[in-house]
Amino acid sequence: MGYFKNEQEVYDTIGKLFEDLREDDELFGKFQKANTVVQYRFRDPESTITVKMLDGEPGQVDLGPSQLDPEVTMTMDADTAHRFWLGKVNVTVALARGQMKAKGPVAKILKLVPLVKPVFPRYKAQLEGQGRTDLIEVA
Amino acid sequence: MTFKDFWQFVAPTRVVAGRGLLEGAGFEFAKEGATRVLVVTDEVVRGTGLVDRVCDGVRDGGLEVAGVYDGVPPDSDAPVVKACAEAGRSEGADSFLAVGGGSVMDTAKAANVVFTHGGEPREWEGFFGLPRAGDGMGRPEELAPLAAIPTTAGTGSEVSFAAVIKDREAHLKFTVADFPMYPRLAILDPDATATLPAPIAAATGMDAMTHAIEGYVSTEWNPHAGAYSLMALRLIRDNLERAVSDTSDEDARGNMLVAANLAIMPTSSGAIGIAHSLSHPCGAHYDVPHGVANAIHLPWAIEWNAAGGEEIADRYRDVNEVLGLEVGGPGEEVGRVLADHVRDTVGRLGLPTRLSEVGVPESGIPQLAEDAEGDGCTLVNPRETTAEDFREIYARAL
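As they're listed, the protein sequences go chains V and Y.
The first sequence begins at 11 in our numbering and counts up by one.
The second sequence begins at 8 in our numbering and counts up by one.
This is chain V alone, in the form it adopts within the complex (with noise of 0.2 Å):
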């Protein structure tokens, strides 16, 4: 058993913290660098967040079904996804693991794994302002 009940426990609580990434003009503005459109797809809950980080472009983030053409996929369990804002998962040993699996231009999304150090404790906040420090003790 996961640590996610359902997809909306992901939307709630990873899905919520893409949406308040976006709205950080100064941190998202870094991200936007990637210029890319990255499809997470999580398994257990089968789950999807589509983020869209063009240069020059408003910032989108769709949970669940999207329009968005993603150019570049990851495909994890969302407990690893969990963990790996909490800081606890190194992406280089996941991909070698084959826990996330990258298709496309991979390079663009290692480019941020520098620049999303600042959001785990962002991330773990949240987690106690929701209530949910269930998924902190249990990662």
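Just so you know, these hints were derived from the structure itself, not from any lab.
Don't be surprised by glycine CBs; every beta carbon is placed ideally from N, CA and C.
Careful, some of the hints might be misleading.
To be verified - Below 35 Å or equal to it, Euclidean Cα-Cα: the simulated DSBU-like pairs (lysine-lysine) are:
| # | chain 1 | residue 1 | chain 2 | residue 2 |
| --- | --- | --- | --- | --- |
| 1 | Y | K180 | V | K113 |
| 2 | V | K134 | V | K40 |
| 3 | V | K26 | V | K43 |
| 4 | Y | K180 | V | K127 |
Said to hold, decoys possible - Rough simulated footprint, nothing fancy, chain V against chain Y, three-plus residues with beta-carbon under 8 Å:
| # | region |
| --- | --- |
| 5 | 132 to 140 |
| 6 | 385 to 395 |
Stated by the list, open to error - Pulled from the structure, derived: some chain V residues nowhere near chain Y, Cβ distances all over 10 Å:
| # | residue |
| --- | --- |
| 7 | Q70 |
| 8 | L73 |
| 9 | R132 |
Starting from the structure of chain V, add chain Y where the hints point.
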């Protein structure tokens, strides 16, 4: 020594090394399931007569030569990969034999993916994305048998799981990488590098040295990979300059083939570093040959990294010990000694030591630095390196 939380080391390619192996290519490849072989090469290698010898060796082992595809350019691209795969189909081949340098071997590896699974080369871009059993989480499906005979001693592509291919329209290189792409067989015979010009032997040899050093100090270092790195460095120490100064030295050429083969192995664990991050954009924007770019950047990367803390410096101390250099003092000193040694070696090999010598302008540094920061190799470098740091390193190397 720390026992790390996780590492993975993969080395599935059967390597045969020695003399007179070209004539036995078919005998060895038959053991990997090949019966009708498409030989993949380039016009230059074919012009040396090497391919004819290999084809004779394939037939002598009871295999058929379905055809020879010799259309691989120095920086292979997606249409070439597709044409190579189509040649395999139209000639009724069931296997691929790459005879050439990195571009030829990477073409054959990527073509094998398209040959087996169909589609366009860029559709397979990414890591570990080939079809698998178990809803994508199980064993990957096998590709057609592939063997490689390297004609340069540097890239190590004959035992790696990745193919790097150029998309000329998009002005970028893309990577296709997964376990089935490891060649089943690598044949290391110094006869295959007998006609290699000295400048290319020098540049490719420095590529191998860069793999060995970066593989040893990367955050993804591990004992398995380290064993390969240090042995590779011993062979490079004793054979690189010999192989370049006297291209008729068969022992030195053979040992450099083995050195390059060993040096690439840490990358199977993801172990590499910022000399590569610095070099990749120089190749993409200014066509600086990869080995030359690494030769220029390696000493600067060493100086930067070795000053990043005692744990990193200790890794470099091991490298210095193998190379017979001073290992004491602070990290900065350990790095300076090794960097000076590398610079001296590069100079003696007759390679450029400055970016300005290979057409990189100062005005290009901001873009190069941005690209280097985003290079995948930066993630596994032992010292965190920002775009500002990259700008500074490029400026020093200019």
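Consistency of the hints with the structure:
no., hint, in the structure
1, Y/K180 x V/K113, "15 Å, holds"
2, V/K134 x V/K40, "21 Å, holds"
3, V/K26 x V/K43, "22 Å, holds"
4, Y/K180 x V/K127, "28 Å, holds"
5, 132 to 140, "holds (count 5)"
6, 385 to 395, "holds (count 5)"
7, Q70, "22 Å, holds"
8, L73, "23 Å, holds"
9, R132, "20 Å, holds"
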